[in-house]
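Peer 1: In case you want the letters, here they are:
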Amino acid sequence: MTPRARERAQGVVALLSGVLFGLGLAVAGMTRAEKVIGFLNFFRGWDPSLMFVMGGAIAVHALAWRLLQGRPSPLLSARFLVPTRRDLDVRLLLGAAIFGVGWGLGGFCPGPGIASLPTAAPTAIVFVLAMLAGSYATARLDPLVTRALKRS
Amino acid sequence: MDIPLDWIRALQGGALIGLSASLLLGLNGRVMGISGIVGGLLAPSAGDVAWRALFIAGLVGGGLVALALMPGAFSAGSASLGLVLLAGLLVGVGTRIGNGCTSGHGVCGISRFSPRSVAATLTFIGTGALTVLLTGGGAR
Numbered sequence: 001m002t003p004r005a006r007e008r009a010q011g012v013v014a015l016l017s018g019v020l021f022g023l024g025l026a027v028a029g030m031t032r033a034e035k036v037i038g039f040l041n042f043f044r045g046w047d048p049s050l051m052f053v054m055g056g057a058i059a060v061h062a063l064a065w066r067l068l069q070g071r072p073s074p075l076l077s078a079r080f081l082v083p084t085r086r087d088l089d090v091r092l093l094l095g096a097a098i099f100g101v102g103w104g105l106g107g108f109c110p111g112p113g114i115a116s117l118p119t120a121a122p123t124a125i126v127f128v129l130a131m132l133a134g135s136y137a138t139a140r141l142d143p144l145v146t147r148a149l150k151r152s
Numbered sequence: 001m002d003i004p005l006d007w008i009r010a011l012q013g014g015a016l017i018g019l020s021a022s023l024l025l026g027l028n029g030r031v032m033g034i035s036g037i038v039g040g041l042l043a044p045s046a047g048d049v050a051w052r053a054l055f056i057a058g059l060v061g062g063g064l065v066a067l068a069l070m071p072g073a074f075s076a077g078s079a080s081l082g083l084v085l086l087a088g089l090l091v092g093v094g095t096r097i098g099n100g101c102t103s104g105h106g107v108c109g110i111s112r113f114s115p116r117s118v119a120a121t122l123t124f125i126g127t128g129a130l131t132v133l134l135t136g137g138g139a140r
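Protein chains in written order, with this note's numbering: chain A, 1 to 152; chain B, 1 to 140.
Hints were generated in silico from the structure; no laboratory data involved.
Note that beta-carbon positions come from the ideal geometry of N, C-alpha and C, so glycine has one too.
Some hints here could point you the wrong way.
[As the list claims (entries may be wrong)] Selected chain B positions facing chain A (in silico; Cβ < 10 Å): (1) Leu19; (2) Leu59; (3) Arg112.
[To be verified] Below, a sample of chain A positions facing chain B; criterion: calculated Cβ distance under 10 Å: (4) Thr2; (5) Ala9; (6) Ala14; (7) Leu15; (8) Val19; (9) Ala57; (10) Trp65; (11) Leu75; (12) Arg79; (13) Leu92; (14) Gly95; (15) Ala115; (16) Thr138; (17) Arg140; (18) Leu144; (19) Ala148.
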């Protein structure tokens, strides 16, 4: 396969993967904010169904990863680009903690927020724009903060 | 025993999510983490933009198809716009600092038995639950 054809094939795969992901989120109930909040509401009338979303997704993907590990590379690219770090650090846990607060406030995480854009609900649009702003600002400020800390 | 329909739908939707993550990893070698895919578009580097843009286009397209087939699958919750703005900012900041969200850590990372992703997932479910508890189960 020529590099150009390979790149095109990768684009088709990405598009298809995105479509399946969006459909999966909607089927699973992840695009209903109050259902997500019901799942996070452990103390009053907990709705456990979203546990089955993660369960179903992990069952399929863990099996796929097991099968893929026997292969030297993905079908359409040179190597698997997966994170290999295994140590825990403050950044990881702090970031996850902040994300969780936002998730619990709005009932949206990034995927369902973007998949809800076609509804044109102001809530979905504001959520996605704010998420982009937060992510962008953090990426821009992060090197500055790191450098300042190093100098002090 | 009757299994609630919601649980069956959750499993089916989850399987679709697992399938889409497996396609992206098995064919393209990429992790299907939404905050990471979007993050790469906000700081674009050459040769690394098209697949991300196409994935996000597909995600919006998948949402559009779902909206046509099952409009009841979407609802925006009861939070006010101001609160949603804050929620979005926190999600953007947190996923960038913590390198991932529900899909990247919660599905892809746990599937590879990554201790970092297990810890991150327990953390964001924990602070999410705490937030819902403190706001009385559905903030306005």
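Peer 1: Confirm or reject each hint.
Peer 2: How the hints compare with the structure:
1. Leu19: This interface hint holds because 6 Å falls under the 10 Å limit.
2. Leu59: Holds, because the Cβ-Cβ distance from leucine 59 of chain B to chain A comes to roughly 4 Å (cut-off 10 Å).
3. Arg112: Holds. Min distance 5 Å.
4. Thr2: The hint is violated - threonine 2 of chain A has no Cβ within 10 Å of chain B, the shortest such distance being about 15 Å.
5. Ala9: Holds, because the Cβ-Cβ distance from alanine 9 of chain A to chain B comes to roughly 8 Å (cut-off 10 Å).
6. Ala14: 4 Å, holds
7. Leu15: 4 Å, holds
8. Val19: This hint holds: valine 19 of chain A lies near chain B, its Cβ roughly 4 Å from the closest one there, short of 10 Å.
9. Ala57: 4 Å, holds
10. Trp65: 5 Å, holds
11. Leu75: 5 Å, holds
12. Arg79: Holds, because the Cβ-Cβ distance from arginine 79 of chain A to chain B comes to roughly 6 Å (cut-off 10 Å).
13. Leu92: OK, holds: leucine 92 of chain A within 10 Å of chain B, min 5 Å.
14. Gly95: Hint on glycine 95 of chain A: holds, closest Cβ of chain B at ~2 Å, below 10 Å.
15. Ala115: 4 Å, holds
16. Thr138: 4 Å, holds
17. Arg140: 9 Å, holds
18. Leu144: Status violated, d = 14 Å.
19. Ala148: It is violated, given that the least Cβ distance between alanine 148 of chain A and chain B is near 16 Å, above 10 Å.
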